[in-house]
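So you can see what is in the structure, the chains are spelled out below.
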Amino acid sequence: MTKPYFLGVDIGSLTVKAVLLDAGQRLLTRGVVPAGYGGQEAAEALVARLLRECSLTPDEIAYTVVTGYGRVRFAAADEEVSEISCHARGAFYLCPAVRTVIDIGGQDSKAMRLDAQGRVVDFAMNDKCAAGTGRFLEVMAAALDVPIEQFGALALQSKHPVTISSTCTVFAESEAISHIARGVAKQDVAAGLHQAIASRVLGLAARVGLEAEVMLTGGVALNVGVVAALSRQSNQRITVPPDPQTVGALGAALYAWHKGRR
Amino acid sequence: MVEKRYKKLKTAAELQRLMQWHYTRIRLPRLGRPLAWVTSGAPVEILRAMGVIAVYPENYGALCGARREAVSLCEAAEAQGYSPDLCSYARTSLGSVFQSERAPMGGLPQPDLLIACNNICGTVIKWYEAVAAHYGVPLFILDTPFIHGAFEPHALAYVVAQLEAMIRFVERTTGRRLSMKRLERTVRLANETVQLWSEIRALCKARPSPLNAPDLFVNMAPIVVLRGTEGAVRFYRHLKAEVEMRVKNGIGAIPEEKYRLLWDNIAIWHHLYRFYNYFVDYDACFVVDTYTGGWSQEIPEGQSALMEGIATAYATVFLNQSLEYRSRLMERLIREYDVDGFVMHCNRSCKPYSLGQYAMKRRVTEGTGVPGLIIESDMCDARAFAAEAVKTRIQAFMETLAERK
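Chains as they are written, first to last, in this note's numbering: chain P, 1 to 262; chain V, 1001 to 1405.
Honestly, the hints are just simulated from the structure, not real lab data.
Treat each hint with caution, since some may be false.
To be verified - Keeping only pairs whose Cα atoms sit at most 25 Å apart, straight-line, the calculated SDA-like set for lysine to any residue is: (1) Lys259(P) to Met1245(V); (2) Lys1391(V) to Tyr37(P); (3) Lys1391(V) to Ala153(P); (4) Lys1258(V) to Gly118(P); (5) Lys1258(V) to Gln107(P); (6) Lys259(P) to Glu1256(V); (7) Lys1258(V) to Val1247(V); (8) Lys1391(V) to Gln107(P); (9) Lys259(P) to Gln107(P); (10) Lys1010(V) to Leu1063(V); (11) Lys1405(V) to Ala116(P); (12) Lys1007(V) to Val1218(V); (13) Lys1405(V) to His258(P); (14) Lys1391(V) to Gly38(P); (15) Lys1405(V) to Asp78(P); (16) Lys1405(V) to Tyr37(P); (17) Lys1391(V) to Gly209(P); (18) Lys1405(V) to Gly118(P); (19) Lys1391(V) to Val72(P); (20) Lys259(P) to Ala1402(V); (21) Lys1405(V) to Ala97(P); (22) Lys1391(V) to Arg207(P); (23) Lys1351(V) to Arg207(P); (24) Lys1391(V) to Ala97(P); (25) Lys259(P) to Glu1399(V); (26) Lys1258(V) to His258(P); (27) Lys1008(V) to Met1245(V); (28) Lys1351(V) to His258(P).
Unchecked claim - Here are the in silico distance ranges between beta carbons for each label pair: (29) Glu1078(V) to Gly118(P): 46 to 54 Å; (30) Ala116(P) to Ala1359(V): 19 to 27 Å; (31) Arg49(P) to Arg1335(V): 49 to 57 Å; (32) Asp1085(V) to Ala143(P): 25 to 33 Å.
Claimed, not checked - Coverage of chain P stretches by chain V, computed from C-beta distances (three or more under 8 Å per stretch; other residues unrestricted): (33) 132-144; (34) 182-191.
The beta-carbon is built from N, C-alpha and C at its ideal position, and this holds for glycine as well.
Can you make the complete structure from the sequences, with help from the hints?
Here it is as C-alpha cells:
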C-alpha cells in the first residue's frame, strides 16, 4: 500500500521552494532553487530531486498545492492557493503565537494579521513598485558591489547611516550612487538602504496593525540588516523561523495535507 | 469564454441605441441651440430647461476607457505637458481636444459654453479652464462648499446664489431665458429617472442579485448623461421591468452567487468584464456600489423652494461629504444588501474618491465586521493596471472570505 505524502510548491519571481510532508505532518525534506525563466522547469526539477532524495515516486504524492507567482503554470498541482493564505498557514504552524506575518519576497512584500485560530483577518501588499522587496536589495547590493549574502552584515557595521529619501528603486539607486560619489562609507549607504526598506515595509504592516508576535518570512528574512532595522523601528521582537524562504511552501504543503487526507 | 459568464440584459440593445442617438444628435445641426460641456455633477436640469444641449466629457472618457482608446489620448495630453498623475478623464478629454484625429468619434463637438461644478472634485476647475482657453469659450464654475458635518443654512444660501449666478451666466452667453415652468417639468422628469434608477439598484437586495457591477456601470450612462429627458425615463422603465422579471424568476446576474460584495469607487473601464469576472470565478457578485448611487438624489419639488432643492441635491452628493459620512454610507449599504465583503478601488486618477480609503476600510470593518480589500488601478489609464498583482490580491481575499463562511 502506498504511503500518502504531501507536497507544497512555491514558485516565486526569484526562487522556487518545495516542502514535502508525510501523513503525520512531519517534514521529510525541503529545497530552494533559483527560479530561472518562468519557474516551472526549476520547480519540476526541484520536486524530482526531492522525491529522489526520499526514494519516493510521484505516485506516492497524495496531493500537491502550488502557490506564488508561477502557480498557474505548474501542471502537476491539484490546487493553487494564494501566497497570503500559504504564508499565514506556514507561519502559524511554526509558531501559533504569531499574529502578524511579514513576508518580503522577490517582487512582493506583504503583511498579514492572523487571529487566534490562524485565520487571515486582514492583509496588505505592496503597490506596483519594487521598493521594499528582495529585488530592491539585489539592485542596491549590485550598485554597491557587495555580494547580496553579505549586504545585511555590512549595514550592521554602520555608525552613521545616511538617509535615503527615495522609495523608488531606480531613484534610490541613483541616490545611493551619489552618496558613494561624495565619499560616504559603503556601510553607511548600505545601512540607509536597509532603513528605507524597513520603514517602507512597516508602513505596509501598519495598514493591518502590527500585533505581537511578529514573524518575518521570505528570502529577505535571511538578511540580518533588514531584521535589525525592522526590530529597531517597530520596537518589536521579530521572529525569523529557520529557513524562512520555505514558509510559503510549507503552508502550501499543509494545505495539501488537509485537502489530501479527505 | 468571458462573455458566457456574463448574462446580457435584453435592454442592452435599447441602451446602445439610446446612447448612440445621443452621440449622433449632438453632432447634427442644432438650429441655434447652444452646446455646453458639463461635469457629471452639474445641475443639468437648468440647462435643459433653457434649451442648452449638454455633453459629458467624463462619460466620453469612460467610453474611451471601455474601448481601450484612452491611453493614447492620455499620452497626447502628457505630450503637451500634462502630468501622468492628473485624472485620466481630464487627460483623455484634453487629449481628444489636442488630437481629435486620434479620438473616438473625432472627440466631442466644440462647446459654446462650459459649466464645471466642483461637487465631485477640484480637478474639473483646471481641466475646464484649459478647455475654455483652448476653444476661447466662456466657463462658469459652480462652487459647492465641502460638507464637513451638516449642510448648513449659510452654505445652502451660498449655493442658491451660485445657481442664480449660473442662470444669469447662461442667459447672458446664450441669450436664452429660463422658464420656471420648463424647469419644473425637467426636474419632474429628472426625479422620475432618479427614482427608477434607485428602484433598480434596490432590486439587487434580492438573492441572487439580478445585476452585477458591470451591469450597473454600463446602465448608469443615461442617468448621468440623459437625466431629465423622456428617453431616459422610458429606458429605465424597460430596464426596471426586466430586472423585476429576473428577481421574480430567481435569475441571478452570475451563474452561482455565493458571495455578495460591495464596490467602492469608479469602475475599471478598460478591464470592465475581465476584472469583475475574476470575482465571478469565485462565485462573487457585486450587488451594490457607491459610485452609481451618486445619481440617486431626488430634487425636492415644491414651487417656492425649487432652487433650494436643486442646491441641496447637488451640494450633498457623497463625494462632497466627509469620510465619516461616506463610511456610514458604506456601512448602511453593507447591512441593507447583506454584503459579505467590500472592494475599494484605489483609483490613481480620482484623488477625492480614493484619499482616506485605508482609514475608511478600517472604520467600515470595525463597524460591520465585514472585511475589505483595496485594489490599485485607474479608471481609464490601463497602464496603471497590473493583472497578476490584482489577481493575487483577489484570490487571497476570496480565500479569507471562504474561511469565514
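Here's how the hints hold up against the structure:
no.	hint	in the structure
1	Lys259(P) to Met1245(V)	violated, 41 Å
2	Lys1391(V) to Tyr37(P)	holds, 21 Å
3	Lys1391(V) to Ala153(P)	violated, 36 Å
4	Lys1258(V) to Gly118(P)	holds, 23 Å
5	Lys1258(V) to Gln107(P)	violated, 32 Å
6	Lys259(P) to Glu1256(V)	holds, 23 Å
7	Lys1258(V) to Val1247(V)	holds, 16 Å
8	Lys1391(V) to Gln107(P)	holds, 15 Å
9	Lys259(P) to Gln107(P)	violated, 29 Å
10	Lys1010(V) to Leu1063(V)	holds, 21 Å
11	Lys1405(V) to Ala116(P)	holds, 17 Å
12	Lys1007(V) to Val1218(V)	holds, 13 Å
13	Lys1405(V) to His258(P)	holds, 17 Å
14	Lys1391(V) to Gly38(P)	holds, 18 Å
15	Lys1405(V) to Asp78(P)	holds, 23 Å
16	Lys1405(V) to Tyr37(P)	violated, 38 Å
17	Lys1391(V) to Gly209(P)	holds, 24 Å
18	Lys1405(V) to Gly118(P)	holds, 15 Å
19	Lys1391(V) to Val72(P)	holds, 11 Å
20	Lys259(P) to Ala1402(V)	holds, 15 Å
21	Lys1405(V) to Ala97(P)	holds, 24 Å
22	Lys1391(V) to Arg207(P)	holds, 20 Å
23	Lys1351(V) to Arg207(P)	holds, 19 Å
24	Lys1391(V) to Ala97(P)	violated, 30 Å
25	Lys259(P) to Glu1399(V)	holds, 14 Å
26	Lys1258(V) to His258(P)	holds, 23 Å
27	Lys1008(V) to Met1245(V)	holds, 14 Å
28	Lys1351(V) to His258(P)	violated, 44 Å
29	Glu1078(V) to Gly118(P): 46 to 54 Å	holds, 47 Å
30	Ala116(P) to Ala1359(V): 19 to 27 Å	holds, 26 Å
31	Arg49(P) to Arg1335(V): 49 to 57 Å	holds, 54 Å
32	Asp1085(V) to Ala143(P): 25 to 33 Å	holds, 27 Å
33	132-144	violated (count 0)
34	182-191	violated (count 0)
Hint compliance for this structure: hints 1, 3, 5, 9, 16, 24, 28, 33, 34 are not met, and every other hint is.
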